[in-house]
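Student: Chains as they are written, first to last, in the numbering used here: chain C, 1 to 430; chain S, 1 to 243; chain F, 1 to 178.
Since the hints were derived computationally from the structure, they do not count as laboratory data. None of these values were measured; they are calculated from a predicted model. Heads up, the beta-carbon is just placed ideally off N, CA and C, and yes, glycines get one too. Among the clues, some could well be false.
Here chain F is said to cover these stretches of chain C; the calculated rule only asks that three of the stretch's residues, wherever they fall, bring their Cβ under 8 Å from a Cβ of chain F [what the hints assert, rightly or not]:
#, stretch
1, 197-206
2, 253-259
3, 325-337
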Amino acid sequence: MKRLHIFLFTVALSLMATTVRAELTIEITQGSDDPASIAVVPFAWQGSGAPPADVAEIVDGDLARSGQFAPVARVDMLGRPTAEADVFYRDWRAINAEYLLIGRVSGVNPVRVDYELYDVLRQTRILTGNQSGPASEVRMVAHRVADAVYEKLTGVPGAFATKLLYITVDRKDGGGLSRLTLSDSDGASPVVLLKSGEPLLTPTWSPDARHIAYVSSESGRPAIYRQELATGKRQQLTNFKGLNSSPAWSPDGRSMAMVLSKGGNPDIYVMDLASGQLKQLTRHYAIDTEPTWMPDGNAILFTSDRGGKPQIYRYDLRSGATDRVTFEGSYNARPRISQDGRSMVMVHRQEGRFHIALQDLVTNRVQILTQTDLDESPSIAPNGSMVLYATKQAGRGILAAVAVDGAAKFSLPARQGDVREPAWSPYLNR
Amino acid sequence: MPRIIVRPALATLLIHGLLLLSLTLNWGVQDREVVKAKPAPTVINARLVDASEFKPKPKPKPVTKKPQPKPTPKPVVKKPVETTKPKPKPAVVKKPKVAAKPKPVPMAVPKPQPAPRITREELARIAREELAATAAAEQASATGEMSATFVALIQQTVINYWSRPPSARNGMEAELAIQLIPTGEVVSVTIVRSSGNSAFDRSAVNAVEKAGAFPELQTLPSAEFERTFRRFRLLFKPEDLRY
Amino acid sequence: MMKHLPTASKTIAMLLCATLLVACSGNDTNDAEEEARLKAEQEAAEAARLQVELEAANAEELASLEEEAASHGTIFYFEYDSATLTPEALDALNAHIALLHRNTAAVRLEGHTDERGTREYNLALGERRANAVRDYVVANGISSLRIETVSYGEERPVAYGAGDSNWTQNRRVELVKQ
């Protein structure tokens, strides 16, 4: 009997030993969000003659400006692989690179770029692809490569292969020469679309990026013009007494919101572009201006000083109701909405200084994004990641950008004269 | 069958059966110990300020550090205080984000930087060292407390290396199974439950890969290491994102 | 002898005498007419002189009104974020209104703002300022058909750069003769 007891005791003991095996799970609920280190190795040029462009440099610049990536400097690269066989992960591990992008450029016209993206830590290839295009658009081809890499690593489509509209003004006594300019998203390849001795304002894009609209005072008073990008053909859309300004295309491209003061004071109207018919939305003796559409097309946000000072209001197109949206600060104006309808950027005055701020339309929390002063005209990238805006530096107008989470900042290369009124294009021909 | 064999045979079968059962049953589920992330102490770079340092303002402002329910941050708090990531809590969200890393920014933002600043990496290193020191000091006392400190150390380190992609959202969850060896080195990282977002999953894995090792665990008694840290899970579940 | 003449002859004699008298007095009437004519000429000359004097006085008044208006300038300034006419602006406008009552000129009012704030809102604020000036002028009897308003917002500053001294100069409505 005693042996049996010993047996049972041993069994019980061993059972206890195996049941007390708890597995620890540690929750990680915060991060530090440092930019990921990526090495973009200069791409090999496999054609003859001079290479069309430094594709790797364009991609590198795009990724750096997004604030999500910290590209490795070329001087720090221990090797310059251009094909998979030449990739040695330890070279990249040694300099703490997390990702590696290599590629080859070939062809004269069209030009073609082949690329591979590697996860250095996991030692695997995670993306293979190629992009082609006319030689004259080689920069756009490079931007599309950057878009693909960005999307793979962030889960968000890239917005590098896009365009910008903006206005430059050369100061002259009594007036100035205004130029409506089109450029790449990094400011390269500027093209002047219109020159005028009278003020130009509020350039804006149609949803299909084939047309633009703007306000021009060339006829003696502000009027709205529409222009087809491919042909340059213009059409004056309005010619009413008083103000004709602040054009904004509806998301479905069929209507345009605008500000007309023919009724005695500036109000928001919507024009059906096919018929030219006008519908008046606001009827208030205050200034109602700067309309912008919600992405679902069901509401228009605008600036109004009906409460005494400029604040942002929402006009619901279905119910006709108008509600106030901004309650922080004594000056909120010029709203623009991200494509997911959740974030609104605006000009927000605090302690006498004008900043770009972001208001979450669900929680209504307001976050100031910029530390520069006299900021205006915010424009959101089509993927919602960056906000481009106009500001002053050393007394001159320049364009700057800030990441929506406020972390990254950069400014566009300085141009001749004052630069202002940026408008980021929608995605182009995806 | 002789009775003298039956009883011992039955007893043997019973004992072996119980043993086998205890070894193969997944006791783990009920016994998983989930350690919620205690909010890692926010490490900040602060400097005691003197009222005389302030530039003359048009309206003189009181130099008191109020708690931040108001949307307007006082210039007092803005200048010298820099928070390291992890990001500050919602009450402080209205502060303009000061770039913590010295990045090559071409913006001429005229903010005079107070002299000697500790970089964020150094701060993280110091925090980690302090935790390791605490753990070593606790060696004498209950191993439970020591483990807790090492858990905090692992948490802190992973947080430090975790860079969330823009598509990450609060509530996404990725669970990783981690295997260490007694030197503290990470020898295996596997995704046991995906968040559904590959960029999110990759960011979690990379956070651990970048950390690479927790050599401080070498001071842990072997039994404790085996019990708690040879295999454990990391649950990446952000709560501090804007949405 | 008279008693011997018949009555008819007496009448004829009287008539003859009367005619003689009338003929004699014919010289006096011419004088009177002459006098009246002279008088009329004198009055006409007087009137013409008065007319010239009046026109001179008018021109002088006009000139003094123009001078008065000019002395106030053709630019009316505003406070920050405001389209309310200041006392100085009202004084200046009164002078211009007085002048406009006297002449037939048409004017254009150009509204401007300083650079702070958003451009489209400032375009509307500039218009509001120009309208404030127009409304005051019209309320004081000048036909609105003579007044045109346009806004330049912040696009045509007279003073570039930040700071109150520049901004103050830009918040204005300019009166331009057409």
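Student: Name the hints, by number, that the structure is in violation of.
Tutor: The structure conflicts with hint 2 only, although it agrees with all the remaining ones.
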